[in-house]
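Chain by chain, the residues:
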Amino acid sequence: MAFGDYPKEYNPAVHGPYDPARYYGKPDTPFSQLKLNEIGSWFGRRSKTPSAVAGAFSRAWWRWQHKYVQPKKVGMAPFYQLLVGSMVFFYAINYGRIKHHKNYKYH
Amino acid sequence: MFSQSSLVIIKLLWSKLSKFLTMIFRPFIQPRFNKQFLFVPNFILAHTSTCPASKPKCGASAGKGGTTSIKKIDFKRAEKSAPCRFGFIPEEWFQFFHSKTGVTGPYIFGLVFVNYLVSKEIYVLEHEYYSGLSYVVILYFISKKMAPGIGASLDKEVDAEIAEWEKGRADQMKVFETTIKDAKDAQWRAEGQKILIEAKKENVAMQLEAVYRERAMRLYQMVKGRLDYHVKKRRTENKLHQKWMIAWILENVHKSITADFQKQALNQAIKDLALAASRVK
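One line per chain: the protein sequences are A and B, in this order.
My numbering numbers the first residue of the first sequence as 1 and each following residue consecutively.
My numbering numbers the first residue of the second sequence as 108 and each following residue consecutively.
These aren't lab readings, by the way, just hints derived from the structure by calculation.
Note that the Cβ used here is the ideal one computed from N, Cα and C, for glycine as well.
Take the hints with a grain of salt, since some may be wrong.
Unchecked claim - Under the rule of at most 30 Å between Cα atoms (straight-line distance), these lysine-lysine pairs were calculated in the DSSO-like manner:
{"no.": "1", "chain 1": "B", "residue 1": "K274", "chain 2": "A", "residue 2": "K72"}
{"no.": "2", "chain 1": "A", "residue 1": "K102", "chain 2": "B", "residue 2": "K227"}
{"no.": "3", "chain 1": "B", "residue 1": "K362", "chain 2": "B", "residue 2": "K378"}
What the hints assert, rightly or not - Computed footprint of chain B on chain A; a stretch qualifies when at least three of its residues, placed anywhere within it, have a C-beta under 8 Å from a C-beta of chain B:
{"no.": "4", "segment": "50-60"}
{"no.": "5", "segment": "64-70"}
{"no.": "6", "segment": "73-81"}
Unchecked claim - A few chain A residues facing chain B, derived, Cβ under 8 Å:
{"no.": "7", "residue": "D19"}
{"no.": "8", "residue": "V84"}
{"no.": "9", "residue": "N103"}
{"no.": "10", "residue": "Y106"}
{"no.": "11", "residue": "H107"}
Make a model of the complete structure from these sequences and hints.
Given below as structure tokens:
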């Protein structure tokens, strides 16, 4: 499968127009409805190839986009969310450096 | 731009050229490719085996007018983005807490979490924090002041663009509808033409009939005239014969009356008269 191709299981005659936020693979219980002891087996069933992982990230990104960026009249919410998200991410990766700037020695 | 036949020729030449190029660039091309309709080299736009262009199209299996089996688009573009509190925290996170802790739950959780991060100095309040805080305050005041105005103008632009697309579509529909109406009109007129031609045929038939009758009458007149001529000729000849016969008879009679006979006739007449006169008395 080359970059940018549709998923193998997508069939326009059956599924209609392509929705990038939708998982077209074998139907499985959604992650939010899993019980804790089923999580391991659920992960076992999924495909863990790099393209599948990339697909998962892509679908999550598109789901967020459908909800906050693609509507007709969009407020500042997606910008603020991206801002906060990137702030958290960059703080996390710089934490090794930042922790030396602590103000107190004992907490 | 291209006529139908030149397009066919170009496609033919292109298929030949593409076959030649396939031979040369075999290692760089995907193993399976389908019909090409774009004027680009194969190894750039080769369809892979998973490409849906090779699969049956939407509604291809539906047949004519089978709307039931064509998958309709079941997601619609939302009007506004999902609701958020504080500008960026999604509403669902607040609902998540609501059943267990009520309305104040998420705020308490947020406060406690932030307190933990700050007190354990996992979140260090260094100079980045203070600059970030200033940014937040400035952003808040800017959004308070200018957001409604900017929002309204942007909304107007979005609505204008949507209206433009809709108008284009509606205009196209109108064009199609007028075309349909005109076509139906033309059909109706064509039927009128049929009636017109019937009327013209009737007209011509009547004219033919009139001419036929005129000629028939003329024929009758001609024949009658000739017969009349013969009759008149006969009668005239008869009259002439009679006249001449009478004249000839009279002439002969007058010739046969001699002077003697005349004298005898006179005497006889006088005798008869005397007889008649004696009888009367």
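Comparing the hints with the structure gives:
Simply put, K274 of chain B and K72 of chain A have alpha-carbon atoms about 17 Å apart, close enough for the 30 Å limit, and the pair holds. Our distance criterion of 30 Å between C-alpha atoms is met by K102 of chain A and K227 of chain B, whose separation comes to about 10 Å. Proximity of K362 of chain B to K378 of chain B is assessed by CA-CA distance (about 25 Å); at most 30 Å being required, the pair is judged to hold. Closer than 8 Å: that is the beta-carbon criterion, and the segment 50-60 of chain A has 0 residues meeting it against chain B, so the requirement of 3 is violated.
By the rule of at least three residues with a Cβ nearer than 8 Å to a Cβ of chain B, the coverage given for the segment 64-70 of chain A holds, with 5 such residues. Check result for the segment 73-81 of chain A against chain B: holds, 8 residues qualifying (beta carbon to beta carbon below 8 Å, three or more required). The interface hint given for D19 of chain A is met, as the beta carbon of that residue sits about 6 Å from the closest beta carbon of chain B, less than 8 Å. Evaluation of the V84 of chain A hint against chain B yields a held restraint, the C-beta minimum of about 6 Å falling below 8 Å.
At a threshold of 8 Å, the smallest CB-CB gap from N103 of chain A to chain B is about 7 Å, leaving the interface hint in force. Using the Cβ-Cβ criterion of 8 Å, the hint placing Y106 of chain A at the interface with chain B is not satisfied: the shortest such distance is roughly 10 Å. For H107 of chain A, the interface hint holds, since its Cβ comes within 8 Å of a Cβ in chain B; the closest pair sits about 5 Å apart.
Consistency note: the structure conflicts with the earlier hints numbered 4 and 10.
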